Amino acid sequence: MKKIAFLNPPTLYVEISQGWLKALHENDGVELPLERLPGGRLTAPCKEKTVSALTHFLKAKSWQPRARAFCAVDSRGVSLRHLSLPTGTKEEFHRRLLLQIEGEFPLPPDELAWGYQPLGGPPPSNGTIAKQELLVAAVKKEVVADYHEILRACGTEPVFTLAALARRHLCVQPADSFMMLNIENSQSELTGFNNGVPTNSRIIFWGSENSPGSPDAKFDALVQAIKGCSSGTKLFFSGNKPSEDYTTSLATSLGSGWQFERLATADGAGRSAAISGIQKMVEQGGEPLLPICVKHANGVATSLATLDLKKWGARVGALVAALLLLPYAEALLLKPHLAKKVAAFKSEAARLTIIDRELDFLRALKSSQPPYLDALYIFSKSVPPGTHFDSLSLNSRGDVSLRCSFRDGQQVAEFRTKLIDSGFFANVTVEEQVPTPDHQRVNVRISAQEKPIAQLLALSVGPTADEMAKDGKQSPPGALLPGVASATPSAPPVSRKETK
Amino acid sequence: MRPLTDRENRIVRFAVAGIVIYLALFYGCKFFEKKRADYRQLVAEAQNLRQQIQPYQDKVLVVKKLMDEFHLDPVKLKKETVVSDASAAIQKAAKAGGLQLGPIRESPSHGSGKSLAAVQLESSGQVPAVLTFLASLNSIGFPVVVDSVQFTADNSRPGQVKMNLTIIILDFDQPKEAPHA
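Sequence lines, in order, name chains G and R. Start counting the first sequence at 1; every next residue gets the next number (my numbering). Start counting the second sequence at 1; every next residue gets the next number (my numbering).
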């Protein structure tokens with residue numbers, strides 16, 4: 001999955017409060033004002049503006065899947081209930097849960113956006129049914145549905161949770177029971193936790209705009225709310241930079257024995273304690289413990305029911321049709337083009353015979369070249385100094401004959417041995433060897449037969465690189481013809497393979 | 001004839017539609033199947049042709065190399081003039097190498113058909129010039145093969161050799177077999 005991680009768009013972090021929406025996307029943040037109707041729902045122009053602004057902010061790519069948007073909502077209108085349900089199959093459990101929600105909350109489940117967090121349960125004793133403890137959070141559906149609609153319209157897949165739960169991820173060492181106070185400009189959100197689970201959450205209309213020192217009924221209400229909350233004596237607070245006066249004033253009002261700890265959050269547009277908390281949770285690979293869903297699937301069986309069968313059926317049908325029709329479409333579309341190419345090739349096929357003929361002829365010409373220069377080179381290398389050549393004949397059938405005079409019979413024998421050792425000749429015959437009348441020289445008539453071409457190809461005849469370099473400085477020994485002892489090396493170097 | 005009831009009309013309409021669809025599918029499928037079969041046959045033919053061409057890519061390279069080596073393009077040669085042109089080129093190469101030309105005899109080919117003519121050439125010169133001339137005969141631009149060569153000492157001029165050369169001009173329509181192969 002990591003290999004295709006680049007295909008997934010970056011996560012969007014959102015917090016929605018009464019008057020604003022903050023969003024963070026890849027270190028870029030934005031804060032948008034929200035306008036609400038008296039009932040708490042967003043106005044239509046506000047929705048349009050927010051969708052437009054968020055779409056522009058996200059710059060979602062059409063080829064990418066929807067980005068996940070973790071959205072923290074404040075606890076305005078949110079009810080928390082502890083429920084206990086008998087365990088059973090998934091469908092039974094879901095049905096019982098709906099019944100419990102209907103009984104516990106003032107609105108039916110269909111009109112609620114709700115979610116639950118399993119809390120475990122006591123082990124069943126003999127004769128009792130095992131039970132599952134749950135924490136259920138519910139809010140009026142139309143409120144969250146507005147948020148859901150906006151975030152879907154921006155090309156994201158929203159997941160809602162409570163802001164207080166999100167902020168909890170910022171607590172370094174949370175106690176079992178504690179309180180969290182998030183202070184905004186005009187209101188504060190107080191949430192109590194027992195055994196790490198939120199027990200209550202409420203909005204108090206007293207914020208950082210209010211002066212903490214002045215006698216204020218709302219401040220008193222806040223103090224009373226904190227005191228009345230049986231969630232320990234530790235208070236984590238966050239929000240719009242609460243001043244020292246504020247905490248001092250709060251500490252004074254609450255009395256001794258209270259611990260205060262401020263949650264560390266990053267400053268900047270689109271940042272808040274809740275967003276930082278969700279970000280931290282996602283980076284640690286976590287998921288919201290209490291997701292609030294607008295639509296709920298009815299257990300296992302409904303997972304398929306949520307599919308848009310008509311749409312998917314059309315897609316499958318289109319794919320099957322494409323699979324069946326493509327071979328025929330290929331035949332219809334490509335045949336003219338292919339036929340044209342084949343016809344063009346056939347008309348040009350005559351050129352292939354010309355190529356064949358040319359190749360045969362040139363190969364025959366190359367193999368017809370007799371190796372005269374190679375034979376001359378071997379003679380020049382084999383002949384002893386002082387030899388006098390009268391005539392030398394070579395022909396294309398490989399017959400060689402020469403008449404020459406050597407100093408004595410020993411030289412004749414050496415010359416003959418060298419010719420044989422060269423491997424160039426199949427046989428070397430000294431046809432006649434006659435001493436001159438003064439017995440100073442020996443006149444010789446020699447004939448030889450070159451080996452067949454196939455055997456000569458394996459030989460390496462011709463001057464070596466060292467000999468050629470040496471040739472540039474001095475003439476090698478040996479004489480081809482009378483009076484021209486250094487004749488052959490000055491000839492152009494001809495290798496065996498080139499001449500054959 | 002009594003008028004058809006609505007039900008009967010509907011049945012007739014459905015029947016006609018069904019028959020039309022059946023015929024369209026039947027003949028349409030046949031038509032498309034035939035087109036596809038033709039196309040597949042054409043594809044197979046194209047693949048065969050491709051296999052046929054593939055060796056020619058190498059052959060063309062070899063032909064080009066040999067043509068460069070011999071400075072020769074057989075297609076451009078004309079049978080009527082090749083003997084005279086080749087003879088002129090041989091004499092030109094000999095003169096350029098500093099050889100003194102003697103008698104030159106041309107004799108047309110008799111019977112074998114593998115050669116167009118034979119040129120007998122007598123010349124004399126320094127040994128390097130003679131050897132250079134022999135080596136240059138490969139690249140005069142005509143299909144010539146030295147059939148025989150005879151060197152004799154020129155006693156009147158020391159350092160020089162007489163050369164008697166028989167050159168065959170090949171018929172480029174009839175490739176010749178390799179010598180003494």
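Some hints here could point you the wrong way.
[To be verified] Here are the computed lysine-lysine pairs in the DSS-like style, where the Cα-Cα straight-line distance is at most 27 Å:
no.	chain 1	residue 1	chain 2	residue 2
1	G	335	G	346
2	G	366	R	78
3	R	78	G	335
[What the hints assert, rightly or not] Distance windows between CB atoms, simulated:
no.	chain 1	residue 1	chain 2	residue 2	range
4	R	80	G	329	50 to 60 Å
5	R	79	G	329	23 to 33 Å
6	G	153	R	14	43 to 53 Å
7	G	341	R	79	48 to 58 Å
8	R	16	G	350	53 to 63 Å
9	G	329	R	11	44 to 54 Å
10	G	457	R	98	27 to 37 Å
11	R	56	G	10	22 to 32 Å
12	G	44	R	14	43 to 53 Å
13	R	26	G	26	52 to 62 Å
14	R	16	G	96	24 to 34 Å
These are calculated hints, taken from the structure and not from any lab test. Fair warning: this is a prediction, and the values are worked out from it, not measured in the lab. Heads up, the beta-carbon is just placed ideally off N, CA and C, and yes, glycines get one too.
Structure-based check of all given hints:
Between residue 335 of chain G and residue 346 of chain G the alpha-carbon distance is near 16 Å, which keeps this suggested pair within the 27 Å criterion. Taking the CA atoms of residue 366 of chain G and residue 78 of chain R, the gap is about 20 Å. The hint holds against a cut of 27 Å. A distance of roughly 43 Å separates the Cα atoms of residue 78 of chain R and residue 335 of chain G; the hinted pair therefore is violated under the 27 Å criterion. At roughly 58 Å, the beta carbons of residue 80 of chain R and residue 329 of chain G sit within the given window of 50 to 60 Å.
For the hinted restraint 23 to 33 Å between residue 79 of chain R and residue 329 of chain G, the CB-CB distance of approximately 55 Å leaves it violated. Judged by the Cβ atoms, the range 43 to 53 Å given for residue 153 of chain G and residue 14 of chain R holds: they are separated by roughly 46 Å. Residue 341 of chain G and residue 79 of chain R have their C-beta atoms about 36 Å apart, which leaves the hinted 48 to 58 Å range violated. A C-beta distance of roughly 57 Å is found between residue 16 of chain R and residue 350 of chain G, which places it inside the suggested range of 53 to 63 Å.
Between residue 329 of chain G and residue 11 of chain R the beta carbons are some 36 Å apart, a value that contradicts the proposed interval 44 to 54 Å. A C-beta distance of roughly 33 Å is found between residue 457 of chain G and residue 98 of chain R, which places it inside the suggested range of 27 to 37 Å. As the Cβ distance of residue 56 of chain R to residue 10 of chain G is approximately 56 Å, the hint placing it in 22 to 32 Å is violated. The hinted range of 43 to 53 Å is satisfied by residue 44 of chain G and residue 14 of chain R, whose Cβ atoms lie roughly 50 Å apart.
As the Cβ distance of residue 26 of chain R to residue 26 of chain G is approximately 60 Å, the hint placing it in 52 to 62 Å holds. For residue 16 of chain R and residue 96 of chain G, the hinted distance range of 24 to 34 Å is not satisfied, since their beta carbons lie about 58 Å from each other.
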